[in-house]
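S.K.: Below are the chains, spelled out letter by letter.
Number of protein chains: 2
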Amino acid sequence: MESLPPSLLELDAYLLSKIGKDARRRAAVRLAERELRLWHMAVLAALEDFGPLVQRELAARLGLDPSDVVKVLDELTARGQVERTRDPADRRRVQARLTPAGHAVLAELLAEARATDENLLAPLDPAERRQLHGLLTRVLDHVRAENPGAV
Amino acid sequence: MESLPPSLLELDAYLLSKIGKDARRRAAVRLAERELRLWHMAVLAALEDFGPLVQRELAARLGLDPSDVVKVLDELTARGQVERTRDPADRRRVQARLTPAGHAVLAELLAEARATDENLLAPLDPAERRQLHGLLTRVLDHVRAENPGAV
Chain A
1 MESLPPSLLE
11 LDAYLLSKIG
21 KDARRRAAVR
31 LAERELRLWH
41 MAVLAALEDF
51 GPLVQRELAA
61 RLGLDPSDVV
71 KVLDELTARG
81 QVERTRDPAD
91 RRRVQARLTP
101 AGHAVLAELL
111 AEARATDENL
121 LAPLDPAERR
131 QLHGLLTRVL
141 DHVRAENPGA
151 V
Chain B
1 MESLPPSLLE
11 LDAYLLSKIG
21 KDARRRAAVR
31 LAERELRLWH
41 MAVLAALEDF
51 GPLVQRELAA
61 RLGLDPSDVV
71 KVLDELTARG
81 QVERTRDPAD
91 RRRVQARLTP
101 AGHAVLAELL
111 AEARATDENL
121 LAPLDPAERR
131 QLHGLLTRVL
141 DHVRAENPGA
151 V
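Protein sequence lines, in the order shown, are assigned to chains A and B. Just so you know, we're using the numbering used here here: the first sequence kicks off at 1 and counts up by one. Just so you know, we're using the numbering used here here: the second sequence kicks off at 1 and counts up by one.
Please note that the accuracy of each hint is not assured.
Listed next, with one range per pair, are the computed distances between beta-carbon atoms [what the hints assert, rightly or not]:
1) R56/B with R25/A: 24 to 32 Å
2) T77/B with R114/A: 17 to 25 Å
3) Q131/A with E146/B: 16 to 24 Å
4) R114/A with A32/B: 44 to 52 Å
5) D65/A with E146/B: 30 to 38 Å
6) A28/A with A60/B: 23 to 31 Å
7) E146/A with R56/B: 37 to 45 Å
8) A28/A with R56/B: 25 to 33 Å
Under the rule of at most 25 Å between Cα atoms (straight-line distance), these lysine-lysine pairs were calculated in the PhoX-like manner [what the hints assert, rightly or not]:
9) K71/B with K21/A
10) K21/B with K21/A
11) K21/B with K71/A
Some chain B residues well away from chain A (every beta-carbon gap over 12 Å; in silico) [as the list claims (entries may be wrong)]:
12) A32
13) A42
14) S67
15) V70
16) K71
17) R79
18) R84
19) R86
20) D87
21) A89
22) R92
23) V94
24) A101
25) E118
These are calculated hints, taken from the structure and not from any lab test. Note that this is a predicted model, so its numbers are computed, not measured. We put the CB at the ideal spot given by N, CA and C, even for glycine.
Model the full assembly from the supplied sequences, consistent with the hints where possible.
M.R.: Laid out in structure tokens, this is it:
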């Protein structure tokens, strides 16, 4: 394996960019085995964590284009993992929500993602992983506060 | 600012992917002010760190397509930052090398990149930054050992 330029390896942004790209690639490969993409998982997770949402709110939460969200919801609906229902508080609003099958598939996807995390961080011991997780969480909070739309 | 799904924020791969994307975006924005792209900086850094290289070796080191490397070298040559010379050890081989102007612009780009690192990691104190840098370096080494072509 050729070495990367040492002057770039000194840059944290370079390390994060390289590792982040590989983390994304691993997740995409894993999801592709189920003919899913990253956004399917994000939509399932958002509906699980936040409860039923109208499409516009779901798009805003994930920083996605509303038309992309409609497409992802259509695909998840066709698989029986999401259903559209009327908001009981305002029957003109159509909300998306997880079905039991959607809940189950998300649990599987999260378990697989945790296994991918284990592989990605294999050289770190449990204390170092907790350390890294804490540092990354603070950096992401900061990045999102600076550029809410971009992340 | 809306919160991201907590079940995703538990995943290190998700944090790394999100932060890495923003790190890359920041670098691209910064380089675009000079009408440069990420690969221009990588090529300048490789020629600085490894010395003169033939195009094929340079492409292999950076995991780039040789035809993309030729394009980047042409652009850097037109700016007077790179020059092509015959390899003194084998005059049939054409090597690319930095000019003094290329050396100077790389020093500026690296200084700007370090300033971007400061902004990206603003919430961390110096000891935490060193900690993060050490952890990320080990993770990248591991990722590259597992997938030499992909990173």
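S.K.: Each hint should be assessed against the structure and marked as holding or not.
M.R.: For each hint, the structure was consulted:
no. : hint                           : result
1   : R56/B with R25/A: 24 to 32 Å   : holds (25 Å)
2   : T77/B with R114/A: 17 to 25 Å  : violated (48 Å)
3   : Q131/A with E146/B: 16 to 24 Å : holds (22 Å)
4   : R114/A with A32/B: 44 to 52 Å  : violated (37 Å)
5   : D65/A with E146/B: 30 to 38 Å  : holds (34 Å)
6   : A28/A with A60/B: 23 to 31 Å   : holds (25 Å)
7   : E146/A with R56/B: 37 to 45 Å  : holds (41 Å)
8   : A28/A with R56/B: 25 to 33 Å   : holds (29 Å)
9   : K71/B with K21/A               : holds (23 Å)
10  : K21/B with K21/A               : holds (8 Å)
11  : K21/B with K71/A               : holds (23 Å)
12  : A32                            : holds (15 Å)
13  : A42                            : violated (7 Å)
14  : S67                            : holds (19 Å)
15  : V70                            : holds (19 Å)
16  : K71                            : holds (19 Å)
17  : R79                            : holds (19 Å)
18  : R84                            : holds (20 Å)
19  : R86                            : holds (23 Å)
20  : D87                            : holds (19 Å)
21  : A89                            : holds (20 Å)
22  : R92                            : holds (23 Å)
23  : V94                            : holds (20 Å)
24  : A101                           : holds (17 Å)
25  : E118                           : violated (9 Å)
Comparing the model with each numbered hint stated earlier shows that hints 2, 4, 13 and 25 do not hold.
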